[in-house]
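J.: Below are the chains, spelled out letter by letter.
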Amino acid sequence: MLTKRVIACLDVRAGRVVKGIQFLDIIDAGDPAELAHRHAAAGADEIVLLDITATHEGRGTLIDTVKRTAAQLFIPFTVGGGIRTAHDAEAVFHAGADKVSINSAAIARPDLIGEIGASFGAQAVIVAIDARRNPDAADPIAEAEVYVSGGRKPTARRVVDWAREAEHRGAGEILLTSMDADGTRAGFDCDLIARVSAAVQIPVIASGGAGNAQHFVEVFSTAPNGGKADAALAASIFHFGITDSWALKRDLKIAGIPVRL
Amino acid sequence: MIQVIDYKAGNLTSVVKALHFLGAETHVTQSPADVRNATKIVLPGVGHFRATQLLHDLQLTEATREAIARGVPFLGICVGLQWLYQGSTEAESTDGLCHFGGACDRFPATYEGELLKSPHVGWNSLEDIRPDSRLLRNIAPGSFVYYTHSWRAPVSADTAATTTYGGSFTAAVERNNVMGVQFHPEKSGPTGLQILRNFVEL
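Sequences listed follow chains A and B, in order. Here the first sequence stands for residues 1 to 261, numbered as in our numbering. Here the second sequence stands for residues 1001 to 1202, numbered as in our numbering.
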């Protein structure tokens, strides 16, 4: 049976994993390669490394970090942050990534999705969408808006429409982050995720709001209120030993969610 | 020395890295002579079936056929497994090796009335492991391996293990020295490394 994936996310700045607490203080959570291996050994199904500074100056550091992290990592490894061209993607693949995650650059130039897919296959292209509900709309989810530039710039594009377009342009997966839920540890935005998951035929990775095992049960659930996600991503809950993936997945299995144990 | 065939289809680096981790020596090649004289061959691959056209263009198909006929162990991964069949509906004009009968087909959009997402991405379990499989020696039924693909090979007498997604498909195929896996052993954690080790130690 196909299992639900638990993905550990490493936010990297200048070669170190960092985590913001309540959007203010950035604290150092360690070396990316070391943490990736620790997560893999602790049962994570995949590793995502996001370069949150993604400056041109930082590019060399990122490639080196990707190389070191990929060196002995034998589970799927995705890299995102600042990938603007097929050439950028190629450098990351050659450094050892299996997939790239593209966000602002895909909105700016949607052809990029197909360009990367043409060389490396659709399965290697994840389109990341940062989504915010539209509280003024009659249907805040149908009118949920895509944001870019690390959530700073609204695009006036509807989330569901953009997810569909990304699929048609050849994305292999959608990584959907709820900006409303992100950082709250109060649970995923299951309504938003379920709506996007139903709108596309490709897998949807839920992100934003993970705080405990019950939140993962809810986001994976196919019940009417469930998130219907194919995978779910979390960062901070893993970094400081709050829980590891094996412990989390044992709880999920008890709740009837198919997982790799 | 394992000859790893390079036909510009993606996951070559990851496969080579995993083989090195296991202590194997590899040589990446596009040369028919290397393949013809090989003692062991790995054909990686991920992405589109049309990439295998390069194998014909570089005269690697005939070289592979000759090596296989000599009994050289051969492992195809993902598209590399699919190439062992007659072809794939993904690229109708590109023939496979035709070592195994049948062709690869896309997952249906629906299965038993339910929508079926495609690609099939993630960790799924190995079932019906054939007890005589050398590639899957010491692999327990139900072990999880990582998949990412939209086309799959039919189940036949040569199937060494199956996986269920939109029905049953060939997870691994094996007849004598010719083997293939639809999943990515280089990305399947300890289970995947064990499978590669089994091949390295043949």
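Be aware that one or more of the hints could be misleading.
To be verified - Quick list of simulated restraints, FRET-style, between CB atoms: (1) A:D251 to B:T1164: 21 to 27 Å; (2) A:A108 to B:D1128: 55 to 61 Å; (3) A:H94 to B:T1164: 30 to 36 Å.
As the list claims (entries may be wrong) - Here are a few chain A residues that face chain B, going by a calculated C-beta distance under 8 Å: (4) H87; (5) D88; (6) V217; (7) W246.
As the list claims (entries may be wrong) - If you want a taste of the chain B side facing chain A, the calculated C-beta under 8 Å gives, among others: (8) G1047; (9) R1197; (10) V1200; (11) E1201.
It should be emphasised that the hints constitute simulated quantities derived from the structure, not laboratory data. Where a beta carbon is used, it is the ideal one built from N, C-alpha and C, also for glycine.
J.: Each hint should be assessed against the structure and marked as holding or not.
T.: Taking the hints in turn, this is what the structure says about them:
1. A hinted range of 21 to 27 Å for the beta carbons of A:D251 and B:T1164 is consistent with their spacing of about 25 Å.
2. For the hinted restraint 55 to 61 Å between A:A108 and B:D1128, the CB-CB distance of approximately 48 Å leaves it violated.
3. A:H94 and B:T1164 have their C-beta atoms about 35 Å apart, which keeps the hinted 30 to 36 Å range intact.
4. With its C-beta approaching chain B no nearer than about 16 Å, A:H87 sits outside the 8 Å limit, and its interface hint is violated.
5. The interface hint given for A:D88 is violated, since its Cβ lies 17 Å from the closest Cβ of chain B, which is over the 8 Å cut-off.
6. A least Cβ separation of about 18 Å between A:V217 and chain B goes past the 8 Å threshold, and the interface hint is therefore violated.
7. With a least beta-carbon distance of about 12 Å to chain B, the hint placing A:W246 at the interface is violated under the 8 Å criterion.
8. Checking B:G1047 against chain A: minimum C-beta separation of about 3 Å stays under 8 Å; hint holds.
9. Violation of the interface hint for B:R1197 is found here, the shortest Cβ-Cβ separation to chain A being roughly 12 Å, above the 8 Å cut-off.
10. The restraint placing B:V1200 at the interface with chain A is violated, with a minimum CB-CB distance near 14 Å, outside the 8 Å limit.
11. Hint on B:E1201 is violated. Least Cβ distance to chain A is approximately 18 Å, over the 8 Å limit.
Violated hints, listed in ascending order, are 2, 4, 5, 6, 7, 9, 10 and 11; each of the other numbered hints is respected by the structure.
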